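Here is what each chain is made of, one letter per residue.
2 protein chains.
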Amino acid sequence: MSRLESHIRRCQAQCACIERAAELMSELPGPVLELGLGNGRTYSHIREHLPDREIYVFDRQIAAHPDCIPDDDHIFLGEITETLPWAVERFAGTIPLVHVDLGPEVIREIAAQIPSLLCPGGIAATQAEAETEGLVSLELPEGVAPGRYFLYRAD
Amino acid sequence: MSRLESHIRRCQAQCACIERAAELMSELPGPVLELGLGNGRTYSHIREHLPDREIYVFDRQIAAHPDCIPDDDHIFLGEITETLPWAVERFAGTIPLVHVDLGPEVIREIAAQIPSLLCPGGIAATQAEAETEGLVSLELPEGVAPGRYFLYRAD
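Sequence lines, in order, name chains V and C.
Positions in the first sequence are counted from 1; adding 16 to them yields our numbering.
Positions in the second sequence are counted from 1; adding 16 to them yields our numbering.
If you are wondering where the hints come from, they were derived from the structure by calculation, not from laboratory data.
Source: prediction; values computed, not measured.
We treat Cβ as the ideally placed atom computed from N, Cα and C, and that holds for glycine.
Please note that the accuracy of each hint is not assured.
The following label-pair restraints were derived from C-beta to C-beta distances [claimed, not checked]:
| no. | chain 1 | residue 1 | chain 2 | residue 2 | range |
| --- | --- | --- | --- | --- | --- |
| 1 | C | Glu95 | V | Arg76 | 23 to 31 angstroms |
| 2 | C | Gln77 | V | Ser42 | 54 to 62 angstroms |
| 3 | C | Glu98 | V | Ala161 | 21 to 29 angstroms |
Listing some non-contacts, in silico: residues in chain V with all C-beta distances to chain C over 12 angstroms [what the hints assert, rightly or not]:
| no. | residue |
| --- | --- |
| 4 | Met17 |
| 5 | Ile24 |
| 6 | His61 |
| 7 | Ile62 |
| 8 | Glu70 |
| 9 | Ala80 |
| 10 | Asp89 |
| 11 | Pro120 |
| 12 | Glu158 |
| 13 | Arg164 |
| 14 | Arg169 |
| 15 | Asp171 |
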């Protein structure tokens with residue numbers, strides 16, 4: 017498989033997992049967190065599927081398409097290892113969905129803090145494995161190969 | 017449509033157009049040119065569909081995945097507006113396929129030089145419109161929306 021095909025499958029997995037996550041948390045109130053804004057494509061997809069939610073984004077710097085940059089009140093700039101403890105304090109137990117679009121090593125490093133953000137039944141959709149106490153692994157949508165994306169529910 | 021979905025369609029158009037172009041030029045000898053290596057995904061796809069061809073890449077700098085970087089003899093670094101005239105001289109009329117993965121303005125700027133690279137019947141697949149004398153526009157593969165990609169044959 018070429019890198020172009022593999023990239024398409026990864027993007028399709030993002031679409032499918034964001035949509036599944038949005039369904040799973042649709043009855044839970046509260047804002048959504050996007051850890052890692054990047055080019056803003058997943059932010060755009062989350063916004064399209066959850067048009068009435070506040071979305072807070074976290075990243076080192078803003079490098080997204082202008083369409084995909086939230087207002088200043090919804091951006092938290094800095095190393096995620098520094099901004100996340102603060103987010104845990106501010107949002108503790110109130111978040112129905114966190115989407116984690118960071119590298120595998122960073123995800124491993126921050127995984128243990130994710131359950132403290134989530135409300136009961138809240139969902140985490142992550143680009144890499146985030147096994148940790150307090151998160152139960154969920155089945156992936158059809159067509160998403162195991163290991164391509166990860167879905168969890170707060171225990 | 018979210019930016020993520022739109023990006024997927026663009027990548028699918030790249031796949032389909034590269035595959036169509038590879039079919040169309042399969043009987044024509046000569047090396048392939050990739051103008052704009054970028055992350056190397058389309059290079060990877062071209063290589064997969066034309067495993068026996070030499071592929072020369074042109075870019076300002078190399079920022080591709082290590083898997084997608086050709087050897088030094090097949091890389092031409094520099095502004096395309098400076099390297100292309102040289103390529104036209106070296107490869108004049110011998111290229112069966114040129115894939116142009118550059119911005120729309122750059123493509124407009126260099127379009128007039130593309131026919132001089134191509135052998136008779138040679139194919140140009142481009143990210144943006146490259147209307148110019150000596151190139152005949154070709155039908156896009158099924159499923160590729162008009163304007164998402166462009167295919168031309170040397171007149």
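Hints, one by one, checked against the model:
For Glu95 (chain C) paired with Arg76 (chain V), a C-beta distance near 29 angstroms keeps the hint of 23 to 31 angstroms intact. Hint check: Gln77 (chain C) to Ser42 (chain V), Cβ distance near 45 angstroms, so the stated range 54 to 62 angstroms is violated. Under the hint 21 to 29 angstroms, the C-beta atoms of Glu98 (chain C) and Ala161 (chain V), about 43 angstroms apart, miss the expected range. Non-interface call for Met17 (chain V) relative to chain C: violated, since the shortest CB-CB distance, roughly 8 angstroms, does not exceed 12 angstroms.
Its closest Cβ contact with chain C, about 5 angstroms, brings Ile24 (chain V) to no more than 12 angstroms, contrary to its assignment away from the interface. Not every C-beta of chain C lies more than 12 angstroms from that of His61 (chain V), the closest at about 4 angstroms, which undercuts listing it as non-interface. The claim that Ile62 (chain V) lies off the interface is violated: its Cβ sits roughly 8 angstroms from the closest Cβ of chain C, which falls inside the 12 angstroms cut-off. Look at Glu70 (chain V): its CB is around 18 angstroms from the nearest CB on chain C, clear of 12 angstroms, so calling it non-interface holds up.
Non-interface call for Ala80 (chain V) relative to chain C: violated, since the shortest CB-CB distance, roughly 9 angstroms, does not exceed 12 angstroms. For Asp89 (chain V), the non-interface assignment is confirmed: its Cβ lies about 22 angstroms from the closest Cβ of chain C, beyond the 12 angstroms cut-off. With 12 angstroms as the threshold on Cβ separation, the claim that Pro120 (chain V) sits away from chain C holds: the shortest Cβ distance comes to roughly 16 angstroms. The Cβ of Glu158 (chain V) lies farther than 12 angstroms from every Cβ of chain C, with a closest approach of about 17 angstroms, so its non-interface assignment holds.
Every C-beta of chain C lies more than 12 angstroms from that of Arg164 (chain V), the closest at about 14 angstroms, which supports listing it as non-interface. At roughly 23 angstroms, the least C-beta separation between Arg169 (chain V) and chain C is larger than 12 angstroms, which holds for a residue marked as non-interface. With a closest Cβ-Cβ approach of about 29 angstroms to chain C, Asp171 (chain V) is found to remain outside the 12 angstroms limit, as its non-interface label requires.
Hints 2, 3, 4, 5, 6, 7 and 9 from the list above are not met by this structure, while the remaining hints are.
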